[in-house]
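Number of protein chains: 2
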Amino acid sequence: MPTATRVVCEQLAPTIADLAGNQRLVLETIARDVADGADIVVLPELATSGYVFESAEEARSVALRRDDPFFARVAELLTGTDAVAIFGFCEQSDGDELYNSAAVVTATGVVEVYRKVHLWDRETLVFTPGSAAPPVVDTAHGRVGVMVCYDLEFPEMPRSVALAGADLIAVPTNWPFTDVPAGERAPEVIHAQSSARANGVFIACCDRAGIERGQHWTEGTVIVDQFGWPIDRASGVARATADVFLHLARDKSISPHNDLLADRRPDVYPKGAAR
Amino acid sequence: MPTATRVVCEQLAPTIADLAGNQRLVLETIARDVADGADIVVLPELATSGYVFESAEEARSVALRRDDPFFARVAELLTGTDAVAIFGFCEQSDGDELYNSAAVVTATGVVEVYRKVHLWDRETLVFTPGSAAPPVVDTAHGRVGVMVCYDLEFPEMPRSVALAGADLIAVPTNWPFTDVPAGERAPEVIHAQSSARANGVFIACCDRAGIERGQHWTEGTVIVDQFGWPIDRASGVARATADVFLHLARDKSISPHNDLLADRRPDVYPKGAAR
Chain A
1 MPTATRVVCE QLAPTIADLA GNQRLVLETI ARDVADGADI VVLPELATSG
51 YVFESAEEAR SVALRRDDPF FARVAELLTG TDAVAIFGFC EQSDGDELYN
101 SAAVVTATGV VEVYRKVHLW DRETLVFTPG SAAPPVVDTA HGRVGVMVCY
151 DLEFPEMPRS VALAGADLIA VPTNWPFTDV PAGERAPEVI HAQSSARANG
201 VFIACCDRAG IERGQHWTEG TVIVDQFGWP IDRASGVARA TADVFLHLAR
251 DKSISPHNDL LADRRPDVYP KGAAR
Chain B
1 MPTATRVVCE QLAPTIADLA GNQRLVLETI ARDVADGADI VVLPELATSG
51 YVFESAEEAR SVALRRDDPF FARVAELLTG TDAVAIFGFC EQSDGDELYN
101 SAAVVTATGV VEVYRKVHLW DRETLVFTPG SAAPPVVDTA HGRVGVMVCY
151 DLEFPEMPRS VALAGADLIA VPTNWPFTDV PAGERAPEVI HAQSSARANG
201 VFIACCDRAG IERGQHWTEG TVIVDQFGWP IDRASGVARA TADVFLHLAR
251 DKSISPHNDL LADRRPDVYP KGAAR
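These protein sequence lines are chains A and B, in that order. Position 246 of the first sequence, counted from 1, bears residue number 246 in the numbering used here, the numbering being contiguous throughout. Position 185 of the second sequence, counted from 1, bears residue number 185 in the numbering used here, the numbering being contiguous throughout.
Treat the hints as calculated values from the structure; they're not laboratory data. Hints may contain errors.
Distance ranges between label pairs, derived from CB positions [unchecked claim]:
(1) A56/B - A182/A: 24 to 32 Å
(2) V110/A - K252/B: 35 to 43 Å
(3) S255/A - E184/B: 18 to 26 Å
Over the 10 Å line for every Cβ pair with chain A, so calculated as not near, a few chain B residues [to be verified]:
(4) V111
(5) R122
(6) A140
Ideal Cβ placement from N, Cα and C applies to all residues, glycine included.
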């Protein structure tokens, strides 16, 4: 009998360039969520660094290498559990590059680091774009795909991880606030809904809160089910929680004659439509 | 100075298996819309035949070859205009196959016939799936991509026609009614919004009305702008109208550093994500 997985998104408000303070915030948040029974904790993009950098130098000052002892402290919090923590951080490569990355951490340590492939706006002045496909991590709770923010707006990305078997896509984000017509929701949420439904996967987008150097955020954190419907959302500094049966994402059948992935017609799609 | 294009979607209620009656309905509707200044008229999927066939034989009894004189009558209505009519019909091939097709007709006659690639549910018992990519037709008003109903739920499809230069995607549909959670809209509309925004294209989905052999329809006709926002919708037997500047779809820039299509990373997407 499958058990429910508790997915928690923490819409935190990191402080720009305050590495120590943000690390404390991340550690305290994960510790609390795990104590509350969270199985998968998703935190925002660039949670340990903040987002609106004045320069690459400032970003570098709060960057972490993937062997930084901080990750071991996160893993330590998870000891004795099969919980998974996914959060964004500013990554210092072995060379000079900075990446807008997301770490997947379990009690065993860092199991995956994904480097954001599609950079948004002025991120291009700070970060090197990633060059590897988004990972799908086989966890105790199911298979978790990981991407960051703007990545999700390229339908090739959720499709990629769904084809690789993802049950849930975890998306650390910092969604800059944008006006929408009356009665409409944030466009990024619409993308999440559409991608969840098109691929039959759960999607957990963890946005951030707070105003940073004049930048307002959508505060649009949302956990979407495999049919594309929002289960929980968060407003302000708050968390969204959903107890979900992730194995349901493995059934792609949507009518007696249809299957979301098997119905694809790669023989028909022009090569340009994906590569 | 670019001029606005008037896009009209006619949410008709065809009668199952009444070929003559449906043909009259289609002709009268197109004539009226063109008289009202429509530049691009989109009608539902299978507008000349109805949808809920009891058998392939019944479908065959209302099928049209693409050289059927009916199409010349549609073209005649458009004489002296640069209007474009796009509508679904049950197509009899030169062989035994039936296709769920959409015709693009101008004053010069049939300029394109698209055969639905992704068949929904019991359509698979009647129709042969198409084997050609969705077309992009260069019209007097802009470049119009064409696909049918369930096709739009495969993000590869809108992406394909956007990469081929479509400004507008015309989507004849018959959306079977489905319950949605309180406060939510039809999932097909969410797909249209997401696809429009991800590709920076206008999308005109023309659904149908009426109850056919117990089947209710979403009556979800919607014209979406290139940012993904609905401009007009229709309820019941009604039309949706939008005066749009289709050339705006050629600007894919969404920040000083971002371009919807150029930002794609086909080098990163796994081959499986599209073919």
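So, going through the hints one by one against the coordinates:
1. A56/B - A182/A: 24 to 32 Å: 47 Å, violated
2. V110/A - K252/B: 35 to 43 Å: 36 Å, holds
3. S255/A - E184/B: 18 to 26 Å: 20 Å, holds
4. V111: 20 Å, holds
5. R122: Per Cβ check, R122/B is inside 10 Å of chain A; nearest 7 Å; violated.
6. A140: It holds; A140/B is separated from chain A by about 25 Å at its closest Cβ, greater than 10 Å.
Violated hints for the displayed structure, listed by number in ascending order: 1, 5.
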